[in-house]
Amino acid sequence: MKLNTDLLLGDITVKYGSKSYGSARVALAYDCIFYAEEWFNNPTGHAAISGESPRKIRKDLKRYVTKRVRLARYKEKYGIIPSFIWWFVAKAVINWIINRIIDEYL
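When we follow my numbering, the leftmost residue of the sequence shown carries the number 2, and every step to the right adds one.
Derived from the structure by calculation, the hints contain no laboratory data.
It cannot be assumed that every hint is accurate.
[Unchecked claim] Pair ranges (Cβ atoms, derived):
| hint | residue 1 | residue 2 | range |
| --- | --- | --- | --- |
| 1 | Val-15 | Lys-92 | 17 to 25 angstroms |
| 2 | Ala-28 | Lys-60 | 23 to 31 angstroms |
| 3 | Gly-52 | Ile-86 | 19 to 27 angstroms |
| 4 | Pro-83 | Glu-53 | 36 to 44 angstroms |
| 5 | Gly-11 | Asn-96 | 16 to 24 angstroms |
| 6 | Lys-3 | Glu-53 | 18 to 26 angstroms |
| 7 | Gly-52 | Phe-85 | 34 to 42 angstroms |
| 8 | Ser-54 | Ala-28 | 29 to 37 angstroms |
| 9 | Leu-8 | Lys-60 | 33 to 41 angstroms |
| 10 | Glu-39 | Asn-100 | 25 to 33 angstroms |
| 11 | Leu-8 | Phe-85 | 12 to 20 angstroms |
| 12 | Asn-43 | Phe-85 | 14 to 22 angstroms |
| 13 | Lys-60 | Trp-88 | 13 to 21 angstroms |
Just so we're clear, the structure is a prediction, and the values are computed from it rather than from any experiment.
Each residue gets a CB set at the ideal place from its N, CA and C atoms; glycine is no exception.
Please model the complete structure; the sequences and the hints are all you need to start from.
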């Protein structure tokens, strides 16, 4: 499945781009979209989503994306971001982008 990254990133820049740590949030969202697309296209373990409930798909996709994202990379690259703040920011971005993908495509 090919995700429309322009639509999703357009929404993320409107929602998070102008707030604090905006560039780190947008970069995190881009990586989340990349990992979600990888999850949908994985032929070995995640191809059978047609019979699953959206709740289970959301849970599995969120688990997959969260395991793949390395949050320390964004903290170092985009300036000094306190760990406890970045954890909340990243969790909000990941949840929002996963919910948006599930709502749009399922």
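Violations among the numbered hints | 3, 9, 10, 11, 12
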